[in-house]
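Let chain P serve as the given structure and place chain R on it in line with the hints.
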Amino acid sequence: MQAQAVERSLTGERAVTSGRRRVVGGRTFWFWVFVAPFLAGLLTFVYVPIVWSGYLSLFDARNTVTPRPDQFVGFGNYVSLLTDKAFLTSLGTFMVFTVVIVPLTYAFSLGLALLLQRIRVARTFFRSVFFIPTAVSYVIAAMIWRLSLFNGARFGMVNTIVRSLGGTAVGWLSGDTPVYWVVLVSLRLWLQSGFYMILFIAGLNRIGQDMYEAAALDGATGWKLFRHITWPQLASTTAAIVLLLVISAFQAFDEFYNTLATIGGYPPFARPPLVYLYLISLGGGSQNLGLGSAGTMILTLVIVVFGVVQLVGTRRLEAKR
Amino acid sequence: MRQSRASTIGAYVVLGVLALVFLVPFYVMIRNAFSTSSWISSPTWHLLPNNWGSANFARLLANTNVGIIQALGVSAVIAVIQTVLTLLIAAMAGYALARLAPTGRGPMRRAGSVVLGLTLGTLMVPSTVTFIPSFVMVAGLGWISSFRGLIVPLLFSAFAVFLYRQYFTGFPVELEEAARLDGAGYWRTFWRVVMPNSIGITGAIGTITFIGAWNAFLWPLLIGQDRSYRTVQVALSTFMTSQGVDVPELFTGGLVAVIPVVLVFVVLQRFLVEGVERSGIG
Chain P
821 MQAQAVERSL TGERAVTSGR RRVVGGRTFW FWVFVAPFLA GLLTFVYVPI VWSGYLSLFD
881 ARNTVTPRPD QFVGFGNYVS LLTDKAFLTS LGTFMVFTVV IVPLTYAFSL GLALLLQRIR
941 VARTFFRSVF FIPTAVSYVI AAMIWRLSLF NGARFGMVNT IVRSLGGTAV GWLSGDTPVY
1001 WVVLVSLRLW LQSGFYMILF IAGLNRIGQD MYEAAALDGA TGWKLFRHIT WPQLASTTAA
1061 IVLLLVISAF QAFDEFYNTL ATIGGYPPFA RPPLVYLYLI SLGGGSQNLG LGSAGTMILT
1121 LVIVVFGVVQ LVGTRRLEAK R
Chain R
4 MRQSRASTIG AYVVLGVLAL VFLVPFYVMI RNAFSTSSWI SSPTWHLLPN NWGSANFARL
64 LANTNVGIIQ ALGVSAVIAV IQTVLTLLIA AMAGYALARL APTGRGPMRR AGSVVLGLTL
124 GTLMVPSTVT FIPSFVMVAG LGWISSFRGL IVPLLFSAFA VFLYRQYFTG FPVELEEAAR
184 LDGAGYWRTF WRVVMPNSIG ITGAIGTITF IGAWNAFLWP LLIGQDRSYR TVQVALSTFM
244 TSQGVDVPEL FTGGLVAVIP VVLVFVVLQR FLVEGVERSG IG
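For the protein sequence lines, the chains are P and R, in the order given.
One gets the numbering used here by counting positions in the first sequence from 1 and adding 820 to each.
One gets the numbering used here by counting positions in the second sequence from 1 and adding 3 to each.
The following block holds chain P by itself, in its conformation from the complex:
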């Protein structure tokens, strides 16, 4: 306390007399001080684990993170994954899920943003209603979806509606038909659309009003305004949102697990990559960290390749324009 007070009076004085105080260390020194905690953590908890896992992926490492030399299997784990139909199916599941959820979320959240732009009264209210589901966890959303909305019994909410329209109750999650996708897609759409709506609102707000006014003078209205001004102006927003949506679909785990897992385990269908990895490496009684690590390496490669392709594609498109 005293030291601080002394320091303060000293700095005050110096500020008046010379306008300058002796500063400890130079810019480079402080760069390292500021960046050190993050850099140390990033290396320890992201880069080192990936290297370690890459090493483990070459071993038959069960229930251990430090395998013995005689457990070395070379690329055996990679071979068994890439020849495992279930693994390839999980990649297919991701593609199906992505092809449905990405365009749907994109169109829906853009639609919400455009609708909100057209109104004045109660805009904040509507924005909040669509945004609030973002705060709900996938666990709780899955609880609502599987036990009430899409409960396969007659009393499920959607089944009640189906029956009142003259249909029979649908077994949404039984796996007999792929209707479970309706459950999984509607859940994610509800939970994530509000967030992307906010991104779109930000993107729309950056488009200058003068562009619309100029186009309106030329007689453009409605669809034409959207097609020739809004859409091209949103190009970078679109690129960012599609990238975020695909990465987030790639990470799908929580809602699949909590919607479909039962006391008897996880059903054989609807296993996206992370669910598959979890089930083969950590979900059972024992840990197969070698195989799981090999799977992680493959998935990391897939997402990196996708990201690079997307970035290069976007750059090309921008250069063309």
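For the record, the hints were derived by calculation from the structure and aren't laboratory data.
Built from N, CA and C at the ideal position, the CB exists for glycine as well.
Each statement offered as a hint is correct.
Stretches of chain R that chain P covers, calculated by requiring three or more beta carbons in the stretch to come under 8 Å of a beta carbon on chain P: (1) 12–24; (2) 38–46; (3) 108–122; (4) 138–148; (5) 252–258; (6) 269–279.
Showing chain R alone in chain P's frame:
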């Protein structure tokens, strides 16, 4: 933009219908939390609950298999510590990358871009995808079933660093120069001038981090294996997939777990919206 009255009315109608649909899950959760089991599984859908009062809540509190109070406590500890430390670490690193990266000809002249490259490199590969490497590391450190294992690996958010860096890059440099002229060093300038003027971005990143930490599932499922480290999400998930689940009790738990985070969200939503608008994503 000028527009016809009919199209405005149309927008309100569509928004109104969609808003109602978006509120249905909240309605269902509240209805179930205040109903009896037989009321919920009745073949005709009952619009209103039949069991107002705290009976379901009392049963939930007494259920030692769920341990809701302890689970809420674990979630709160994790979410608060993770949010505070993530902000601290990310703000400092973001500031360093935006303002303090070494320049000139020294051997350090590329340090800034190397660190930035390491940061951006992990943006593409989210920590969820590399849950096995993280698990390997935490197991190697002997941190399974501990708060350290649950929290520490998640404190180094490349996304938060990147957002802070973008924000600080656009921060008016005159403010810092004025502080420097008054004799403040880098450390003091950062804490006395830069951070107090960064409430908005800090509120936005803090809200995202807090909600993410409170709602996290996979990592706590792997690391919080011991019952005393179960978060509320893991506790509810375990309860949901166990035998003979008491549905009203489960939904009461869901309601209890969702209230704090929705409150935080409603109060801090403004920061989030502003933060997104300024961050330049999108």
